[in-house]
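Engineer: Residue numbers (the working numbering), protein chains in the order written: chain A, 1 to 100; chain B, 1 to 355.
Take these hints with a grain of salt, some might be off.
[Stated by the list, open to error] In silico negatives: residues of chain B with every beta carbon more than 12 Å from chain A: (1) Ala-31; (2) His-37; (3) Asp-88; (4) Met-217; (5) Ser-228; (6) Leu-249; (7) Glu-250; (8) Thr-328.
[As the list claims (entries may be wrong)] Simulated pairs of lysine-lysine, DSSO-like, Cα-Cα distance not exceeding 27 Å: (9) B/Lys-158 with A/Lys-21; (10) A/Lys-21 with B/Lys-15; (11) A/Lys-38 with B/Lys-11; (12) A/Lys-88 with B/Lys-158; (13) B/Lys-208 with A/Lys-88; (14) B/Lys-11 with A/Lys-88; (15) A/Lys-19 with B/Lys-222; (16) A/Lys-88 with B/Lys-10; (17) B/Lys-4 with A/Lys-86; (18) B/Lys-15 with A/Lys-38; (19) A/Lys-21 with B/Lys-208; (20) B/Lys-4 with A/Lys-38; (21) B/Lys-158 with B/Lys-208.
[Stated by the list, open to error] Label-pair ranges, simulated between beta-carbon atoms: (22) B/His-241 with A/Lys-21: 25 to 35 Å; (23) A/Asn-22 with B/Lys-222: 42 to 52 Å; (24) A/Pro-34 with B/Arg-239: 36 to 46 Å; (25) B/Asp-128 with A/Gly-79: 50 to 60 Å; (26) B/Asp-248 with A/Asn-22: 50 to 60 Å; (27) B/Lys-308 with A/Thr-36: 19 to 29 Å; (28) A/Trp-43 with B/Ile-252: 19 to 29 Å; (29) B/Asp-128 with A/Ala-29: 49 to 59 Å; (30) A/Gly-33 with B/Asp-259: 32 to 42 Å; (31) B/Glu-74 with A/Pro-34: 42 to 52 Å; (32) B/Glu-34 with A/Pro-53: 37 to 47 Å; (33) A/Lys-21 with B/Asp-248: 20 to 30 Å; (34) A/Thr-36 with B/Pro-112: 48 to 58 Å; (35) A/Thr-36 with B/Thr-19: 24 to 34 Å.
Don't read these hints as lab results, they were simulated from the structure.
Quick caveat: nothing in here was measured; it's all calculated off a predicted structure.
All residues carry an ideal CB built from backbone N, CA and C; glycine is no exception.
Single-letter residue listing:
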Amino acid sequence: MELVVSLEFSGGAELLFDKVKNHEVSLPARANGPWTIKHLLVWIKDNLLKERPELFVQGDTVRPGILVLINDADWELMGELNYELKSKDRIVFISTLHGG
Amino acid sequence: MPVKCGLCEKKAILKRPKTGDALCKDCFFWAFEEEVHKTIIDANLFSPGEVVAIGASGGKDSTVLAYTLKTLNERYDYKLDLILLSVDEGITGYRDDSLETVKRNQQQYELPLKIISYKELYGWTMDDIVKQVGLKNNCTFCGVFRRQALDRGAMLLKVDKIVTGHNADDIAETVIMNILRGDIARLKRCTAITTGADGALPRCKPFKYTYEKEIVMYAYFKKLDYFSTECIYSPNAYRGHARTYIKDLEAIRPSSIIDIIHSGECMAVKKEVKLPVQGTCSRCGYISSQEVCKACVLLEGLNKGLPKLGIGKPHKVKKLEAQGKIFTDTKNPKFVENRDADKGSMANNAAALDF
Ligand SMILES: [Zn+2]
Ligand SMILES: [Zn+2]
């Protein structure tokens, strides 16, 4: 079963995605186990990121300074990388690294 | 399983970096605003009746600052006259969009707005400057000119104070940069919540203890309209490294940011140590530890076709001056106009050059 989730990039993070803020994506079924944020980050890096991946991911997590919200809640309250994605989840990535 | 707010029964939406508390949206808004209020009261930042210019770039920090100050001014009846003050560096495609954001903020927050341009102040836009100096050194110009532009703009408006959106992350970053550079004079000043006292136009940082994460989350949940981009001219690489370092530390231990600010505050210099005396520029009256301030040197370089002047070693400037090649006119005409407009405060102007 495919998993449909919506992704949003803002605060300057969208600049790494051709300036497109909103993405509705279908994730292919995973053979072994559920989709987690950790898997999603790899998928984003391989399928959506257009430039300078080091400004978005660092190791197997997001670059420090990028905030992540899962259904409008701080991912730090939701299990961070281990959160298991559900259909229709909305994941928001906000960069704090861009000029203010 | 959703986490509950530590103060009420609602669903938490944020883990606070400073305290680790989980808060719901309303409790977060309240905590955020009350902390800024407490900072303002504890440091005695304002007095009733003051005219306060908010340095507004259209970015997240100044947008949230404008919104928060407007809210607190009403809630606690500070009796402040708030004005948005923006600097137009003249960078095509960069400031155009962010100035549009500031103009929308002006409408949304019903605050007066003044935009002051590099062209008006210096006779040069950043685009013109880049054509002269190339992409390598332009951040030097932009940084030096931007700092003064806010002060000069504020003096034209005859305000009592400037507030800027510098947050805890920015200050921790500056502490680290000043330590690495061994700049003890700036290290002493950079954690001060107000700079430029003693008769000069004071500059305050109400977000001194506010984490960037919370500012961005506040803007997100309040749906505040802000603009974010990279400056199209190359970013300040040195600050960039310090920034990455601070963010890496925060990821390991969020309290690091406040701890670094606290260390900066506690740093003391022995009485016997001679710190550079902050005098004023002989050409424009702006605060300077040199006889001629950095902006005047850079500007002289541009006007004399020596764009590298002021980027190299100071003794080169002295040598050229001795040879009568630069600073042949007595005053910088652009700056004099402004000084004449407000003689008293300009001559005493001693706002610090710490950001
Ligand atoms: Zn609550
Ligand atoms: Zn000067």
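Engineer: Please go over all the hints and tell whether each is borne out by the structure.
Structural biologist: For each hint, the structure was consulted:
no.: 1; hint: Ala-31; result: holds (14 Å)
no.: 2; hint: His-37; result: holds (21 Å)
no.: 3; hint: Asp-88; result: holds (15 Å)
no.: 4; hint: Met-217; result: violated (7 Å)
no.: 5; hint: Ser-228; result: violated (4 Å)
no.: 6; hint: Leu-249; result: violated (9 Å)
no.: 7; hint: Glu-250; result: violated (6 Å)
no.: 8; hint: Thr-328; result: holds (38 Å)
no.: 9; hint: B/Lys-158 with A/Lys-21; result: violated (41 Å)
no.: 10; hint: A/Lys-21 with B/Lys-15; result: holds (24 Å)
no.: 11; hint: A/Lys-38 with B/Lys-11; result: holds (24 Å)
no.: 12; hint: A/Lys-88 with B/Lys-158; result: violated (53 Å)
no.: 13; hint: B/Lys-208 with A/Lys-88; result: violated (39 Å)
no.: 14; hint: B/Lys-11 with A/Lys-88; result: holds (19 Å)
no.: 15; hint: A/Lys-19 with B/Lys-222; result: holds (23 Å)
no.: 16; hint: A/Lys-88 with B/Lys-10; result: holds (23 Å)
no.: 17; hint: B/Lys-4 with A/Lys-86; result: holds (21 Å)
no.: 18; hint: B/Lys-15 with A/Lys-38; result: holds (20 Å)
no.: 19; hint: A/Lys-21 with B/Lys-208; result: violated (31 Å)
no.: 20; hint: B/Lys-4 with A/Lys-38; result: holds (24 Å)
no.: 21; hint: B/Lys-158 with B/Lys-208; result: holds (25 Å)
no.: 22; hint: B/His-241 with A/Lys-21: 25 to 35 Å; result: holds (28 Å)
no.: 23; hint: A/Asn-22 with B/Lys-222: 42 to 52 Å; result: violated (20 Å)
no.: 24; hint: A/Pro-34 with B/Arg-239: 36 to 46 Å; result: holds (41 Å)
no.: 25; hint: B/Asp-128 with A/Gly-79: 50 to 60 Å; result: holds (52 Å)
no.: 26; hint: B/Asp-248 with A/Asn-22: 50 to 60 Å; result: violated (29 Å)
no.: 27; hint: B/Lys-308 with A/Thr-36: 19 to 29 Å; result: violated (53 Å)
no.: 28; hint: A/Trp-43 with B/Ile-252: 19 to 29 Å; result: holds (26 Å)
no.: 29; hint: B/Asp-128 with A/Ala-29: 49 to 59 Å; result: holds (57 Å)
no.: 30; hint: A/Gly-33 with B/Asp-259: 32 to 42 Å; result: holds (39 Å)
no.: 31; hint: B/Glu-74 with A/Pro-34: 42 to 52 Å; result: holds (48 Å)
no.: 32; hint: B/Glu-34 with A/Pro-53: 37 to 47 Å; result: holds (40 Å)
no.: 33; hint: A/Lys-21 with B/Asp-248: 20 to 30 Å; result: holds (27 Å)
no.: 34; hint: A/Thr-36 with B/Pro-112: 48 to 58 Å; result: holds (50 Å)
no.: 35; hint: A/Thr-36 with B/Thr-19: 24 to 34 Å; result: holds (28 Å)
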